[in-house]
Amino acid sequence: MLTEFGRIFIFLLIGVVFVAGGLAVAWLIRPHRWYPEKLSTYECGESPVGNAIVKFNIRFYVVALIFLIFDVEVVFLFPWAVVFQKLGMYAFVEMMIFIAILLVGYAYVWVKGDLEWDKPVPQIPKLVKE
Amino acid sequence: MELLITVIKIVAVMGVMLGCVAYVVLLERRLSAAIQNRIGPNRVGWQGLLQPIADVVKLIMKEDIVPTKANRFLHDLAPLISIGVAMTTFAIIPFGNRISLFGYDIKLQIADVNIGILYILALTSLGVYGLTLSGWSSNSKYPLLGCIRSSAQMISYELSMGVSIIGIIMMTESLKLDKIVEMQAGWHWNIILQPIGFITFLVASFAETNRLPFDLPEAEPELVAGFHTEYSGMKFGLFYLAEYSNMFVASALITTLYLGGWQVPFVHSLGLSDFWISIVQVFGFFVKIVLMVAFFIIIRWTIPRFRYDQLMNLGWKFMLPIAILNVLITGLVILLI
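Chains A and B are the protein sequences, given in the same order.
Note that this note's numbering has the first sequence beginning at 2, numbered continuously upward.
Note that this note's numbering has the second sequence beginning at 2, numbered continuously upward.
Keep in mind that the hints are not guaranteed to be accurate.
Claimed, not checked - Reference excerpt, derived from the structure (chain B facing chain A, CB under 7 Å, subset only): (1) VAL268; (2) HIS269; (3) ASP275.
Stated by the list, open to error - Here are the computed lysine-lysine pairs in the DSS-like style, where the Cα-Cα straight-line distance is at most 25 Å: (4) LYS10/B to LYS108/B; (5) LYS113/A to LYS63/B; (6) LYS56/A to LYS127/A; (7) LYS39/A to LYS108/B; (8) LYS87/A to LYS180/B; (9) LYS177/B to LYS87/A; (10) LYS177/B to LYS10/B; (11) LYS56/A to LYS70/B; (12) LYS180/B to LYS10/B; (13) LYS177/B to LYS39/A; (14) LYS39/A to LYS318/B; (15) LYS108/B to LYS59/B; (16) LYS108/B to LYS180/B.
Hint data in this document are derived by calculation from the structure and do not stem from the laboratory.
All C-beta atoms, glycine included, are put in the ideal place defined by N, C-alpha and C.
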């Protein structure tokens with residue numbers, strides 16, 4: 002007897018066979034003629050400057066944290082939504098209180114300005130001479 | 002025997018899906034050309050119908066280049082994650098009712114997982130790894146920018162996607178996709194019962210599939226080709242395939258959740274036998290998907306690309322509150338009526 006996840010596993014296996022087949026055929030047919038310039042990093046035809054793996058803006062980290070908190074909220078919402086009609090008004094009010102608490106945090110983050118992103122500030126040169 | 006039926010079903014579905022995806026590429030090129038008053042590819046075969054095959058042959062013949070600075074293992078792994086995630090989602094989408102063929106009662110769905118919607122959300126969030134790893138492992142500036150953008154964008158829109166589905170689950174009381182389709186028999190499509198949820202889900206799926214107006218991870222004028230700048234040959238082909246499979250799967254998902262899935266209204270009043278009703282339903286599902294894909298393509302040439310701060314504003318300050326409001330309204334309507 003095949004479980005439902007077993008079927009997905011077979012699906013995945015057949016997919017792997019298909020993709021691996023494609024890659025293998027490509028590996029057999031395609032040319033292999035490398036030289037150092039061809040293997041250099043693309044930077045609009047110039048020689049690449051420096052390393053590209055750098056530290057990025059902390060802002061990204063804050064967004065990821067907010068995402069984690071709200072994603073956990075969504076995880077709580079799913080089982081609640083499935084049995085919602087059996088539980089009735091009591092569970093509904095309960096869940097709305099839970100969401101309201103999270104919305105307070107959401108409002109805090111909004112007011113603090115963590116949802117704002119740097120807007121481009123164009124420096125338009127003035128044509129009129131003083 | 003059951004195993005054999007499953008394998009045949011899987012091979013059939015996968016073949017049809019990949020064939021469709023190849024022709025979605027052609028549809029996109031022809032439709033874009035028509036919108037821009039060009040002709041588009043029409044030389045290979047009748048009206049360019051053999052163009053996808055020519056494209057695949059060309060991609061297979063191309064040399065595979067991995068930059069010396071790149072992380073070789075992750076560079077190879079990233080396209081596999083992308084295509085794997087894009088294809089595996091299709092395993093649980095019901096594409097028709099039961100059908101009797103050669104004395105066997107076959108269910109037209111590969112796997113009826115009891116956590117259906119959670120499975121889809123889990124897989125779509127795994128899709129971020131493909132893009133992020135490809136951008137980071139290339140060790141090049143444009144892909145890195147593309148991957149940072151894609152991860153911020155996808156985590157922002159995944160929330161509204163998840164919250165907007167909750168309205169449907171509250172009505173259906175099940176996470177199974179075939180239950181959701183059964184609920185929408187006749188004209189009770191969820192698009193009518195959940196209009197707000199439909200709009201938020203639609204916008205979120207545009208963002209999740211990185212389609213215009215949300216295609217900042219590969220914005221051509223700024224980032225060359227975004228996260229797959231350093232890819233060539235078959236690995237680029239896999240990314241390409243993954244992108245269009247994502248679009249196809251997203252259309253199938255929108256159809257299943259909001260547009261009635263394989264339900265065709267008034268099909269039972271036509272006086273067909275059960276076998277032909279099933280065939281008509283599968284065909285109806287297919288037509289709905291193609292219309293949805295065409296909608297994706299038309300939107301691409303209608304709305305210009307967002308600026309980055311506009312994108313994040315839309316995701317965090319509009320979509321999320323509206324999606325939560327939708328849960329509130331749905332709950333109140335169900336309880337009070």
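Hints and how they fare:
With a cut of 7 Å, the hint placing VAL268/B at the interface with chain A is violated, because the nearest CB-to-CB distance is about 27 Å. Below 7 Å, beta-carbon pairs count as interface contacts, and HIS269/B has none with chain A, the closest being about 28 Å; its hint is therefore violated. Evaluation of the ASP275/B hint against chain A yields a violated restraint, the C-beta minimum of about 24 Å exceeding 7 Å. Our distance criterion of 25 Å between C-alpha atoms is met by LYS10/B and LYS108/B, whose separation comes to about 10 Å.
Between LYS113/A and LYS63/B, the direct Cα distance comes to roughly 51 Å. Violation of the 25 Å bound is thereby established for this hinted pair. Annotation: proposed proximity of LYS56/A to LYS127/A is violated, straight-line Cα distance about 35 Å (limit 25 Å). For the hint pairing LYS39/A with LYS108/B, the CA-to-CA distance comes to about 51 Å; that exceeds 25 Å, so the pair is violated. Only pairs whose Cα atoms come within 25 Å are accepted, and LYS87/A paired with LYS180/B is accepted, the gap being roughly 17 Å.
With a CA separation close to 18 Å, the supplied pair LYS177/B and LYS87/A stays within the 25 Å bound. Under the criterion of a C-alpha separation no larger than 25 Å, the hint pairing LYS177/B with LYS10/B is consistent with the structure, at around 20 Å. This hinted pair checks out: LYS56/A and LYS70/B have alpha carbons roughly 17 Å apart, not beyond 25 Å. Under the criterion of a C-alpha separation no larger than 25 Å, the hint pairing LYS180/B with LYS10/B is consistent with the structure, at around 21 Å.
The straight-line distance between the Cα atoms of LYS177/B and LYS39/A is roughly 50 Å, outside the 25 Å bound, and the hint therefore fails. As the CA atoms of LYS39/A and LYS318/B are separated by approximately 45 Å, the hinted pair breaks the 25 Å bound. Proximity of LYS108/B to LYS59/B is assessed by CA-CA distance (about 38 Å); at most 25 Å being required, the pair is judged violated. Restraint check for LYS108/B and LYS180/B: the C-alpha separation of about 13 Å stays at or below 25 Å, so the hint holds.
In summary, the numbered hints that this structure violates are 1, 2, 3, 5, 6, 7, 13, 14 and 15.
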